[in-house]
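Kindly produce the complete structure, drawing on both the sequences and the hints.
When we follow our numbering, the leftmost residue of the sequence shown carries the number 169, and every step to the right adds one.
In silico DSS-like links for lysine-lysine, alpha-carbon gap of 25 Å or less:
1) K652 <-> K482
2) K614 <-> K762
3) K213 <-> K238
4) K280 <-> K238
5) K612 <-> K755
6) K709 <-> K755
7) K707 <-> K697
8) K575 <-> K755
9) K281 <-> K238
Per label pair, the in silico range of CB-to-CB distance:
10) E340 <-> E521: 24 to 34 Å
11) G332 <-> R416: 44 to 54 Å
12) T226 <-> A423: 54 to 64 Å
13) G332 <-> G552: 54 to 64 Å
14) E742 <-> P170: 39 to 49 Å
Since the hints were derived computationally from the structure, they do not count as laboratory data.
Beta carbons are placed, not taken as given, at the ideal position from N, Cα and C, and that holds for glycine.
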Amino acid sequence: MPTFILGISAYYHDSAACIVRDGEVVAAAQEERFTRIKHDHRFPKNAVQYCLKAAGITAEEVDHVAFYDKPWLKFERLLETYVAFAPAGLPSFIKSMPLWLKEKLWMEDSIKKDIGYEGDVFFPEHHQSHAASAFYPSPYERAAVLTLDGVGEWATTSWGVAHGNTMTPLGEIRFPHSIGLLYSAFTYYTGFKVNSGEYKVMGLAPYGEPKYKDLILEHLVDLKEDGSFRMDMRYFNYCQGLTMTSPRFHRLFGAEPRQPESEITQREMDLARSVQEVVEEIIIRIARHVRKETGERYLCLAGGVALNCVANGKLLREGIFDDIWIQPAAGDAGGALGAALFIWYQHLGNPREVEAGVKDLQSGSYLGPSYEDAAIKEWASLNGAVGTPLEDDELMGRSAELLDDGKVIGWFQGRMEFGPRALGGRSILGDARNTDMQTTLNLKIKFRESFRPFAPSCLESDVSELFELDRPSPYMLMVAPVNKERCIPMPDNELFGIEQLRVQRSDVPAITHVDYSARVQTIDGVHNKRFHDLIARFKDKTGYGVVVNTSFNVRGEPIVCSLDDAYICFMRTEMDVLVLGNMLFLKEDQPEFKDHDDWRKTYALD
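In structure tokens:
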């Protein structure tokens with residue numbers, strides 16, 4: 169009989185569930201996709217039910233359950249922190265305690281009750297779960313493992329080695345000194361939401377200059393040659409307060425935090441660039457130290473900081489390791505997957521075998537729900553959506569024509585992605601050659617800030633023709649420069665800040681950021697053949713094997729999960745085309761859309 173292990177992460181942000189059968193990841197999904205609450209932190213009951221259904225089992229058939237951290241150890245850290253900063257931490261203490269006393273400390277009982285499970289619940293440490301999510305699905309027999317995030321129980325950065333089925337920790341940096349919380353402090357200070365706006369800071373950084381980098385390294389962070397660091401906690405407020413930064417921080421940088429939704433100035437751009445460069449320097453120094461100490465040729469990365477694809481790209485180009493593999497769901501959601509794999513390999517001692525030539529064991533991270541064409545056709549009939557069923561060849565040809573005509577397509581195919589990136593399963597697509605595409609997508613489709621860049625998805629075989637990248641990047645976790653032959657020099661008149669957006673920088677302007685970079689996804693056709701076939705057909709027509717790919721959602725909402733989610737997003741925006749499986753829907757063909765809650769009905773998952 170197979171062994172089923174259910175992994176769960178919850179109660180902080182991005183709760184998720186994962187089911188593993190004899191070491192194989194069968195299904196994984198974030199709770200936010202079902203509840204439609206972005207970064208939903210609550211117990212992932214919907215994600216658990218999906219995973220059980222995908223595995224074809226009930227909760228009674230689950231052999232082991234693993235939760236992604238140790239609540240009692242985390243509670244110990246909170247208490248010690250509050251005592252250390254007393255009485256300043258009293259308001260934060262009072263705010264956090266009800267949830268701990270009501271739910272978090274009784275995690276095992278609530279898990280059993282919520283899913284109807286009666287066995288033991290295992291609690292790996294937070295960074296063990298991250299490390300397991302990085303190494304066990306990787307293509308390496310042995311590797312160094314580095315995890316970087318805000319904080320788990322006590323660890324904020326940890327590293328070690330992994331070989332076969334065993335991981336051995338070798339070093340860590342502990343709370344309150346945290347590269348993730350340093351970045352989040354600047355996320356807060358520049359007016360964005362902590363734990364969701366960090367990627368906005370990363371996207372804003374190229375518009376600025378590192379004017380404050382020396383100030384950060386002189387006052388905020390004492391950085392050593394081996395990458396270890398200590399932060400001057402007088403400038404921060406997250407240990408004792410309800411904000412990230414203190415009045416001393418504000419005096420150092422000459423102003424109060426930017427108010428959310430207010431105008432973004434050159435100052436915020438310079439702050440973003442400065443902290444981005446500091447974080448990159450820390451990561452590079454840690455990586456050099458880990459390579460020196462372990463002698464390993466390969467590196468596996470996880471933790472929320474591992475989603476900083478600009479830093480990842482720089483780390484790769486430094487050549488410290490022969491290659492790098494990053495968990496696609498590197499944040500807390502991926503902890504569910506790591507916890508389950510940790511139990512299978514390290515706790516139960518099952519052997520781990522790596523097949524030569526296999527890129528990884530994560531199935532392209534297409535681990536969520538899917539719908540058969542028959543179900544899509546039935547859904548369209550029930551809901552009055554007007555679409556045309558097409559055979560594969562005709563669908564790809566028609567879709568490529570529409571992209572070439574400048575249309576924006578909502579692309580809903582196969583299984584939903586696990587992790588924060590849309591990888592061609594739940595994507596919005598456009599023509600990378602179109603000079604207006606970035607503005608159109610930001611303002612008319614995504615309803616988000618104009619400075620935000622868009623990523624390219626390209627044929628893996630074409631990646632080196634388009635970008636300065638010599639290897640696959642299937643999970644959109646590496647930023648690389650656009651090939652110089654494709655770039656257009658900046659005009660002599662100097663432009664600053666958002667003004668730079670108006671300048672065309674390459675022959676693929678919609679995916680070329682202001683610093684001539686792009687966050688690359690490569691498509692090989694193994695795990696997402698339809699997406700590969702679409703881009704290949706687009707190349708046949710235009711000569712360009714690349715399209716714009718952004719997540720299928722609008723600002724403030726999770727990526728779409730259901731057919732209803734996709735159609736609502738399509739009709740609420742100025743998207744031109746929706747492709748659900750083999751059905752193509754044109755906006756002009758749809759009946760008048762009455763936007764009401766009745767659309768939020770559950771349709772059976774296939």
